[in-house]
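Note that the protein sequences, when read in sequence, are chains A and B.
Okay, so the first sequence: first residue is 1 according to my numbering, each after it adds one.
Okay, so the second sequence: first residue is 1001 according to my numbering, each after it adds one.
I should point out that these hints are in silico values taken from the structure, not numbers from a laboratory.
Treat the hints with care, as some may be off.
Cβ-to-Cβ under 8 Å is the rule here; a few derived chain A residues that face chain B [what the hints assert, rightly or not]: (1) A54; (2) L56; (3) R60; (4) D63; (5) V70; (6) A74; (7) G77; (8) G82; (9) V156; (10) G213; (11) V216.
Derived coverage of chain B by chain A (criterion: at least 3 residues anywhere in the stretch with Cβ under 8 Å from a Cβ of chain A; other residues may be distant) [said to hold, decoys possible]: (12) 1003 to 1009; (13) 1013 to 1026; (14) 1031 to 1039.
We put the beta carbon where it would ideally sit given N, CA and C, even for glycine.
Spelled out, the chains give:
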Amino acid sequence: MRARNLVIAVTLAFLGIYLAWVFLEGVTGQTDARLADLALARIPESGVSNPVTAVLLNFRAYDTLLELAVLLAAILGIWSTGSAVPGFVPAGPVLSSLTASVVPLLVLTAGYMLWVGAHSPGGAFQAGALLGAAGVIMRLSGRPNAGLPPLPWLRVATVLGVLAFTVTALALMGAGAGFLTFPLAVAKWVILAIETAATLAIGAALAAAYLAGEPVVATGTTATSPGGSER
Amino acid sequence: MGAGVFHTLVAVAYRGTETAPDPVPQALVLTGIVVAVSATALALTLGQRLDQQDD
């Protein structure tokens, strides 16, 4: 046991030293041979003015597409383990009234984040995280499905990010631009459309992941569509 | 450990006060965070199922 602890300690110490060296090298090392200059120089071609959004949605779009696919795969894995665990008891009046004011605020802020991501810090992932947080709060305040739509719609929402990304990329390829190559004339709107779909998908996926299982179709509500519980 | 790597990458993006930070590591970290959260969520769910089976 002592030997194992020693091995772990030494490994972690080496990792720490290595990370410190990488950091030192990154900050004080050669500063001109960096991808940053290449990326910053080509931002006018990306359709957005926020460098991080430009890299994320345009220069490294493949990466972002696969990232959404990973998120989708994780949700599918979680859903395949069974139904969601039963919800908590309904919250007291303080948390309920707080939820009533915080959740709309979160949705509003998510919309703002999404729009502002084109030219300043923000974007689909930040907006999606806020939507996910809204879902977590609703779940904590006693709503068994975290305010998510019925299952058929939830499925559409979680797939939406990958779907919109792929369909846009294939459509642009059909138009002769190449897979995931955005012509400057439409780049801003293509990126905004993909980001909107990604925001909904990320928000739905994060809130659904918090349920730890496939959402149980609520009984006794008129909102459930027929056949919603079949798999 | 994951958080440490993310923090190091973000710190590496710093390029002095005159220029904007390097957007490439920042985008990498943003991608990494989402992947890490997905994997953690899946792992936690699997752990919870195992715990339920033990009962």
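Open item on the list: Please list, smallest to largest, the hint numbers that this structure does not respect.
Closed with: Violated: hints 9 and 11.
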